Amino acid sequence: MARKITIKDAINEALDQEMARDPSVIVMGEDIVGGAGSPGERDAWGGVLGVTKGLYAKYSDRLLDTPLSESAYVGAAIGAACCGMRPVAELMFIDFMGVCFDQLFNQAAKFKYMFGGKARTPVVIRTMVGAGFRAAAQHSQMLTPIFTHIPGLKVVCPSTPYDAKGLLIQSIRDDDPVIFCEHKALYGLEGDVPEAPYAIPLGEATVVREGRSCSIVTYGMMVHRATEAAAALAKEGVDCEVVDLRSLSPLDLDTVIESVEKTGHLVCVDEAHPRCSIAADISAQVVQRAFPALRAQIEMVTAPHTPVPFSPVLEDLYIPGAKQIAEAVHRAMSGAQR
Amino acid sequence: MADPFPIKSEDLLRAYRTMRTIREFEERLHIDFARGDIPGFVHLYAGEEAAATGIMLHLNDGDRIASTHRGHGHCIAKGVDVAEMMKEIYGKKGGACQGKGGSMHIADLDRGMMGANGILGAGAPLACGAALAAKYRGKGEIAISFVGDGASNQGMFLESLNLAAVWNLPAVFVVENNGYAESTSRDYAVAVDSYVDRAAGFGLPGVTVDGTDFFAVYEAAGEVIRRAREGGGPALLECKMIRFFGHFEGDQQTYRGRGEVEDLRTNHDCIKKFNAKVVGAGVVKPSELEAIDREAKELIERAVAEAKAAPAPTAQDLLTDVYVRY
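Chains as they are written, first to last, in my numbering: chain A, 4 to 341; chain B, 73 to 398.
I should point out that these hints are in silico values taken from the structure, not numbers from a laboratory. All values reported here derive from a predicted model rather than from experimental measurement. Among the hints, erroneous ones may be present.
These stretches of chain B come out as covered by chain A in the derived footprint (C-beta under 8 angstroms, 3 or more residues) [stated by the list, open to error]: (1) 161 to 174; (2) 191 to 199; (3) 219 to 231; (4) 391 to 397.
Yeah, the Cβ is synthetic: ideal placement off N, Cα and C, and Gly gets one too.
Whenever a hint applies, use it, and build me the whole structure from the sequences.
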């Protein structure tokens, strides 16, 4: 039965149900329980934003608080995955991947290929992405393109509670390493989520709003900005279709192309920086695969080529908004250059 | 006469066969690399055989090791098929990694060999993970992380010492100290004189042994491995050893002292030392060792011939095995 729960609770439920189903699922990370070795209560935090709260009571031996030592424990999760476990490691903020990147892109990503097909590395790295928390340059990035670039990694970024639960369950059951990106500003978003476990296949985009005039392709928080823009444009008689990629690697380009073939116009929206972004990648692939379907130039709306600023005034300018997306749709529709 | 060694005589011969096989393998690669037969980078383990052999004799297939760029010796001692290794180093189909890994990435997970590794220190966190999985399985299996003296300075390695101690993992960290991090001496690059001190800094017991003395390695490794199996937690084992060849093949080694390598080969060869001991004690006949020498030579000869004759990977192989499913 579906009820309305938040993304945070949907993720907690996915972990709970997979841990109940499969004893090889272990969860590790900094403060995912909280209070280890301290005189106060255990499960004090349940993760820095409380996403794993309550799991410790059920699975105390499979929830591992770690030292602040990402290289060691992310690597350990990967090593354990090679030895029969299905670890879910929480890398608190994707910004911290700089200190453990080797374990992700040189180790986990390469074992299957580099060892001639013999290895399986069923590990999930859950990590927070995105701006809007006034958390400044080192706690706010959208680094999805960096991981998407790497063969051997899968990259997922849900935008709704329903997708968060189904995609996380699939990621845990998946036999390849998955970088599971959770937008920190979306944890409180509520939506319908069935109680029973279910898996959503990776590499399937979804059309969250159907329309005939212009395709807006995006993922994560920007899905909501795009939907907002589409609602405003609808009042002007511009009927936008919004495609939520959900999974960036593997990528469901077919759904994107199908949409562009219907509308003839494309706006790619990405909270990442513009160069080598998901938006740039989608733009290039659509030009290569469906150039005849395009009736005008593709428009991109991205964060600027700057670090994420701290000042709320600046951060609000940094994050792409519904107004910019609507303007981009107008440009794409009129064929006008910027 | 009482047996003077804490090891059965069939294990002595097994140990000798492993060391001799590694030596033959590496000496042959040295020659074939110079001929231009072998692509890429090759880092040879010759001179260091007693360490891999003395440690691995204590392990079973369920025990995992995370190796280094200088991994051929670890592979052979852990039971990886020599012919498949040679094919891999030649970049051929049917190699241990179907020609997609090469010398620096030979792995055989069924033998508990989690891979040689081109990133120095990267195996240590992986070994922590293997040890964690072993702890959950509860069958007394352990994991060993190998690093050189160079990689012993890597953050990944140092973080792993701490994590293993915090989680009380059944892990052993072996520092193979051959005196050189590539061309830079250990004395320059490692700030402490003793790895026992470095281990103590992480709350771990540390032991230093003469890595050219098979018996010393065997005994010390046996102790820390037994302790880890019994839930006593991680430890660090330093093996002081020597490198017969350069960092990689093609290294002119101008940084080494005059006569250094000749002295090492003459006076500190772990295989010569082993022979002198076991023959001197009368537990093994020279003819038994000579028979193993011949067999090892033939084994490597066959492996090279098979590797040269093996088919190359095809264009189709380029795109396979990136993911289990995509």
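Worksheet item: Of the hints stated earlier, which fail here?
Response: none
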